[in-house]
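Residue numbers (this note's numbering), protein chains in the order written: chain X, 1 to 597; chain Z, 1001 to 1597; chain C, 2001 to 2299; chain W, 3001 to 3299.
Accuracy of the hints is not assured; some may be wrong.
[Stated by the list, open to error] Straight-line distance between alpha carbons at most 25 Å, and here's what the computed DMTMM-like set of lysine to aspartate or glutamate pairs gives: (1) K2018/C <-> E425/X; (2) K1439/Z <-> D3020/W; (3) K2022/C <-> E425/X; (4) K3241/W <-> E2244/C; (5) K166/X <-> E3215/W; (6) K1464/Z <-> D1475/Z; (7) K410/X <-> D2020/C; (8) K530/X <-> E1523/Z; (9) K3291/W <-> D1386/Z; (10) K455/X <-> D1572/Z; (11) K2018/C <-> E402/X; (12) K3022/W <-> E1089/Z.
Source of the hints: derived by calculation from the structure; they are not laboratory data.
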Amino acid sequence: MSNDLIIGIAGAGGDGVVSAGESLITAAALEGYHGIMTKSFGSQIRGGEASCRLRLATQPVLNPNGPLDVAVALNWEDFRRFGGELPVESRTIVIYESNTGVSPDRLPLEGVKPSVVFSVPITQMAEKFAGTAKAKNIVVAGLLAGWFGIGRESMLTGIRKKFAKKGAEVVNGNVCAFQAGLDFAEAHPLKEDRKLGAPEAGRQAKLLTDGNDMCAAAAIFAGCNFFGGYPITPSTEIMQFLDREIWKYGGTVFQAEDEIAGLGAVVGASFAGKKAMTATSGPGMSLKTEMLGLASIAELPLVCVNVQRGGPSTGLPTKAEQSDLFQAAFSAHGDCLRPVLAPVSVADTFPITVEAFNIAEHYQTPVILLSDQEISQRKETVDPIDTSKFQIVERRRPAGAELANYARFKLTDSGISPISHPGMEGGNYLAAGIEHDEKGRPTASGEMHAKMNDKRFNKFNPLKNRRDLFVTIGDQDAPIGLVSWGSVAGVAMEALRLAKDQGMHVKLLIPKLLFPVAEPVFEDFFASVKCGLFVEQSHQAQLYRLVRMYVDVPRQVKPLAKSGSNPIQPGDVLECLRKLVVTMQCNPNHQPEAMVG
Amino acid sequence: MSNDLIIGIAGAGGDGVVSAGESLITAAALEGYHGIMTKSFGSQIRGGEASCRLRLATQPVLNPNGPLDVAVALNWEDFRRFGGELPVESRTIVIYESNTGVSPDRLPLEGVKPSVVFSVPITQMAEKFAGTAKAKNIVVAGLLAGWFGIGRESMLTGIRKKFAKKGAEVVNGNVCAFQAGLDFAEAHPLKEDRKLGAPEAGRQAKLLTDGNDMCAAAAIFAGCNFFGGYPITPSTEIMQFLDREIWKYGGTVFQAEDEIAGLGAVVGASFAGKKAMTATSGPGMSLKTEMLGLASIAELPLVCVNVQRGGPSTGLPTKAEQSDLFQAAFSAHGDCLRPVLAPVSVADTFPITVEAFNIAEHYQTPVILLSDQEISQRKETVDPIDTSKFQIVERRRPAGAELANYARFKLTDSGISPISHPGMEGGNYLAAGIEHDEKGRPTASGEMHAKMNDKRFNKFNPLKNRRDLFVTIGDQDAPIGLVSWGSVAGVAMEALRLAKDQGMHVKLLIPKLLFPVAEPVFEDFFASVKCGLFVEQSHQAQLYRLVRMYVDVPRQVKPLAKSGSNPIQPGDVLECLRKLVVTMQCNPNHQPEAMVG
Amino acid sequence: MNSVETLPVERFQAGDFKSDLKPIWCPGCGDFGVVTALTRALAAIGRPPHEIAFVSGIGCSSRIPGYTTAYGFNTVHGRSLPIAQGIKLANPELLVLVASGDGDGFSIGGGHVPHVIRRNIDITYIVMDNQIYGLTKGQLSPTSPRGRKTATSNFGSLEDPVNPLLYVLGYGASFVAQGSPLDMAGLAKLIEEGIRFPGFAFINVQSPCVTYGEEDQQLKGQRTRLQNLGAMGHDPSDRAKAIELAREYGTKLYTGVLYRNPTPGPTYGDGVAQRHQTLQKQAVPRHDILKRFIPSPTA
Amino acid sequence: MNSVETLPVERFQAGDFKSDLKPIWCPGCGDFGVVTALTRALAAIGRPPHEIAFVSGIGCSSRIPGYTTAYGFNTVHGRSLPIAQGIKLANPELLVLVASGDGDGFSIGGGHVPHVIRRNIDITYIVMDNQIYGLTKGQLSPTSPRGRKTATSNFGSLEDPVNPLLYVLGYGASFVAQGSPLDMAGLAKLIEEGIRFPGFAFINVQSPCVTYGEEDQQLKGQRTRLQNLGAMGHDPSDRAKAIELAREYGTKLYTGVLYRNPTPGPTYGDGVAQRHQTLQKQAVPRHDILKRFIPSPTA
Ligand SMILES: Cc1ncc(C[n+]2csc(CCOP(=O)(O)OP(=O)(O)O)c2C)c(N)n1
Ligand SMILES: Cc1ncc(C[n+]2csc(CCOP(=O)(O)OP(=O)(O)O)c2C)c(N)n1
Ligand code: SF4
Ligand code: SF4
Ligand SMILES: [Mg+2]
Ligand SMILES: [Mg+2]
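With the hints as constraints, model all of the structure from the sequences given.
And the structure:
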């Protein structure tokens, strides 16, 4: 029996590798399993190599990483192209297409000799039963369903649905191809039963989606009425989802001529009183810099999603990295603060996106939502979400006496001034990028500038005590502390489990609010900490550096930071932790080398 | 006798206030005095109020700030509009236009009663002698020359030159108006002689210019051949100077359609093998973000000047602030490092600009040069500079064997790879914003990405030991440390003098290289430091925060940071220092409130 | 759809649209005339100030929203059009005006012009074209003539100027006009017409910069050159003729409506409104949106 | 001045301009034809690869410089033209080529087009116009026809498309052509002509996207629609006629030279060269530049 299975499938672009993975994870979701699926392609738009990586488990899955339990190769050249993304170990069960002509004891894998290897005539089976090699993915699904015990019923339903239009014969052929996979598996049982056990929380079906669609859905839930943006990988699906949905609510999706105009339209929509958002990735964020500054000084609410990819510049457009945090916090010129939030998973993208809108509207500010390529494009099972538990915040509008001698930028105690919008009688004012007085009139006065800067910064103070935007796992008094964020937080969570298993006394802090730095939260966390790691996917260890600006991070807390594309593995974390602990024990004053990758 | 005189003059736009100041500082420069002059205007382009502030001294002047020794009001409404910019104290000598109808003991100045006040019929004298009220500024110049003993000869020469074309009568009239000012001063001697003493370093004439012109001249000296940019206050004069000069050297000034295209053309010119630069201010910097990232990954040398003004957004376009440091270091998406330099004065703008080009060419990188509105637009006397002492660095071009199987991004020990350019046979390569291998071929490999990130960061390591880019003043073992940068460094220098006069054991560090943070230099500086201040003109104390990212700043070193427009005064620094020292002595473990303004 | 409903003219006076912020333009600047003409046009239109959103970029000209009582937005350099489009799409009921300078509108902001026009978003776009960068003190503008010496073209400009009238006609604009504060009544009328036009309307205003402008651009210089298209008998429905006249931008100085499409196409807002109507019945409640993610079996 | 000196044709073969980087375009993508035509044109021109700078933005089409042996620069989205202008101005000796897509060139990069044209900088600009965003997988492009359904226009586009041919003619371009990989020889010839043209040259290429493009844009679909301007007897010196033909972009599919100015004006480079010559004698040595700051008495 298994409770956690990592399956990797690779082949050529047309092999249906991804659709095999999708039918498996869909089946798993319907049966109540937890799962994450990631896809990876060569740089070609079409016809290159394709792979997917599927992690299914009986308890929550924290990340898609780790060496494969099962490797499926439809051809070896393509499989090998994914290198470190599909790591095979000796314990990996290898299933491959017989017609590759490779013998099971001479697999073209450097330095590993997997002990369980199946050469399967996949194409031949597809052709024989479904009458077409296109059914290869159906055979693969059958094989996996057979060996690992998931999805038999749901995949059969899927086959019937998918091919219904093509007539009974085609349906039948594909059902037979699937069955052939099942049969093959039955005929070649694994020595050890590796079927997935029952889901721990029962067989209730889960939702299944990716981070981009989740973000878009959350925006609709939060009341977003306007999207302005420009396509860019890996964020485009947010706009695409909204374009399919938002019109139904009287909203608008505006594909602008560039990212500047996209955010410009969002700024306009917000000025006009609507909840508005944009979504982009690194290069687009860079172009939005000036407009974000305008929104900050004009105190206009909006949500700006940055689905991070590898940088700098065009960088690695289809790979994840966490290297846009500095930019999120500091790209604009002048003194200006905008909150930065980051979800840790597809599921988490829902509450964090809703929170982004709430913070934007409450504090009258642009909010940067930092997702990343992995979260945004991975398929993940999600437990049903009770939306009635969520509060939706609306901006504070002026009323009654406030409109009598209306001052848009009134210096209030909270720093938040009631905000009007065109159409509201008596609320007329001049919004501007130039410094202004309470009434919005332009000024060059140093005194007024200082007051307005104070207002624009101090209004965010309450955010620093939003402990609900931080997750701490482990004992409060643990001497070893991990900090991690975004998609890598799932890796840190798994590392935490492993470290505890090895008897380390360790805890983990996951901030979802990255900026402003919540000093009290970090200070409390570090109170007990003697050594530890910031685990993050960037060359510069951006969160580590950012926190240091405001918090005295204990000297023995070091960054474990790596450039993107190759994900950090739980094992990497564990190893660093072990080294750190050993060094500390030998020489508590020693300052180990920085671990920046 | 005086050795340091601060004169403020204010009037209406047409009153010639600035030209009076200019003729005085010119005369002073010719006579070997040190001087700084700043101008300030209302927000109107024309016809509003105008003022200038002139500090002349027998020894080097470190900043233009401080309360006035002499105030000249051509009318009181306009004078008062400048408020804190022209602070009058009881010891200030006040000179004003009689026709304002104000009596000398009822000056419209709140809370001060200057003891020495002269009501002078300035307009009447101008009309009488020069036959026109336009000569008011000539009368004012005469008054100041008379009372403070500067510029008599040179101003007379100036008058003769300026009015020569208008005939002997006009020349004569103006000479008489000037003489009338001198005579008035002689007839109303000050109780105490306030004439400026002889310049300490002798009467050798000095250069006179402002930061923008100095920057442009330094660029030409450094070999700059291409400028691409777009006008923006307060940086436009750099482009304007270069447009007058660079063509003579076969260079080009390209006024682009926007800042993106401006920097784009610079990137192109650099790719084509030329030394190239752009100059802008905050909003323009924000627009250049994406292009700067491209230059970083393509490793193309260029200099990008940001003449900082008040932010965020349009902010305070005509006022100085030091609030673009975070942006300079961190605006681009992805992990990427570009050096940031800042001069402290007009004179310093020469070596620092040359250094910016040298670093850009040597390290194949964009360099951000952070000037600010004050340095860029103030007139300052500059000691003659021996340009033969400066080294000019050229980029390392491939030759011979290196061109055989040329790899543009070769992973060398230094991280610096010889760079070819179109036209060079055998050097052909693909430059790109996308991640690449040594040959410039696009890649999505995590391994290659990590290697290239390492290369692009590690190549800058030698910079962190460039101690020549840091100035330390004071005893190495002083327990009190000041850190300051840019135009505010001059204020800190003056504060240091005052603090020493008061017996404090204090030293000052002035980094001209702000990023990467030179850990060794700061660590050495802080070794003896128990308490101290970062003195800077930004709300967020940006240098303080930036240094904290990389250096363990002693806990009792705090920011003294203020939003822009109203400059920090040496007295402010002194007061904060005193408080800090007192608190430390009472309770060495006490953590005083942050002093962020 | 008519973008502006006509209300009784007496409802408002020009003064109702003038704010108490004192303009800081140079005495004699042409922009004074533009704000006057505009407030007259707005009085004629009769929409109350709070139903008007007035957007601008950065420049002397872009200060204009602050001098009116409308909701103003003095944004950043070159981006007034995208922001205005967001406002109009977010609330189609608003009367949306945009003001710009020649640099703001045709240099840094020039990339946005074709798109607002091909979308035909119902806003009125007024460019104060003084052939110079006023606010930054006299640099070359995209409409400065070839050879012109300015602070950034000390040896004369080497490039042909932009032709705003021809460009917007080429982009397919349905309402294109040019005015001058010299003919205040005419300018007010043009702005009014532009606002009433159902769709994107462009009005180029020859608004001289007295401080950095050339002699012949000043109102005085204009006096001898200005030719009124109405008086000339130009038929504004004749697009070919309009293009021909537009070509003479920079040599001749025509005022009036160059082109008014007699059969204007649908606005972007019309398309959106229709789509909203068609699709609204398909909406599931916002709080049920996650139901989209209930998986259904697949192969 | 002729921008390219004619060298003996035999000096280079098309193959000399093909790099060994394997294109990762989808099989059948129109861009394969463009690189072939281009390398043929370059062989005909006869300048060695190292004297060529080939700049592009981002998009499938913008990958093209990497597939040639020229100095390539695959820059950022929409900014190929400014960068190319910097290269040309910094070193006028170089042959500067620019490649772009419809999105890269007319959406995000559209603001740069009028300016390079009015400056008349001597570069050759090739846009691979497939009426779709290929690289990002099928979103609306500025040249997609009204009503077109794409991943970002699920209910159909609400806007009129950009007309690249008409726009560049309106901006005053002196060489405007359209080609298709369907007529490889013709396309190679057009590119060659564009390069030889002394001044800015624009070539729009109908290069179909086989993966996200519509049926009628595919080479097969083009076959029935393509009309060769040469065969039609079009006189490329007739600007009015060129504008008329350009108007039919999107309905008709003309290939060949639409417009070639028979008396092209000076290039920007000509002006710069002349200025350099005039001013060089005024230069003080660079190390003496600070002498500018020796004050002289003033009043
Ligand atoms: C991004 C950015 N770039 C440059 C500027 C500086 N700037 C302000 S207005 C302006 C041009 C003004 O010319 P125009 O648009 O013609 O308006 P005018 O002042 O002549 O009315 C410039 C370059 C800025 N504020 N922001
Ligand atoms: C600043 C920025 N915005 C968006 C993108 C994403 N992007 C890359 S190519 C492209 C458009 C591609 O379309 P087109 O220019 O027509 O080229 P094609 O792929 O069709 O050849 C987009 C939106 C980007 N790389 N950079
Ligand atoms: S500078 Fe020119 S455009 Fe600006 S206010 Fe003065 S006259 Fe008007
Ligand atoms: S997606 Fe389209 S444009 Fe891109 S390579 Fe494939 S066929 Fe060509
Ligand atoms: Mg102008
Ligand atoms: Mg395209």
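- Message: Would the hint linking K2018/C and E402/X be met if the CA-CA limit is 25 Å?
- Response: It holds: about 22 Å lies between the C-alpha atoms, which stays within 25 Å.
- Query: Given the proposed pairing of K410/X with D2020/C, does the C-alpha separation stay at or below 25 Å?
  - Reply: holds, 19 Å
- Are the Cα positions of K1439/Z and D3020/W separated by 25 Å at most? holds, 12 Å
- Query: Does the alpha-carbon distance linking K455/X and D1572/Z stay inside the 25 Å limit?
  - Reply: This hinted pair holds, its Cα atoms lying about 23 Å apart.
- Hint consistency between K530/X and E1523/Z [alpha-carbon to alpha-carbon, up to 25 Å]: holds, 23 Å
- Query: Is K1464/Z close enough to D1475/Z, meaning Cα to Cα at most 25 Å?
  - Reply: holds, 22 Å
- Message: Would the hint linking K3022/W and E1089/Z be met if the CA-CA limit is 25 Å?
- Response: Violated, at about 77 Å.
- Item | Satisfaction of hint between E2244/C and K3241/W, Cα-Cα up to 25 Å | Holds, because 14 Å separates the two Cα atoms, which is no more than 25 Å.
- Task: Measure nothing beyond the straight line between the CA atoms of K3291/W and D1386/Z; if it is 25 Å or shorter, mark the hint as holding.
- Result: With Cα atoms ~11 Å apart, K3291/W and D1386/Z stay inside 25 Å; holds.
- Message: Need the status of pair K2018/C, E425/X: alpha-carbon distance at most 25 Å?
- Response: OK: K2018/C and E425/X at ~16 Å, within 25 Å.
- Item | Restraint status (C-alpha distance of K166/X to E3215/W at most 25 Å) | holds, 23 Å
- Given pair status - E425/X, K2022/C, alpha carbons within 25 Å: Distance ~23 Å between K2022/C and E425/X Cα, so the pair holds.
Of the numbered hints given earlier, the model fails hint 12 alone.
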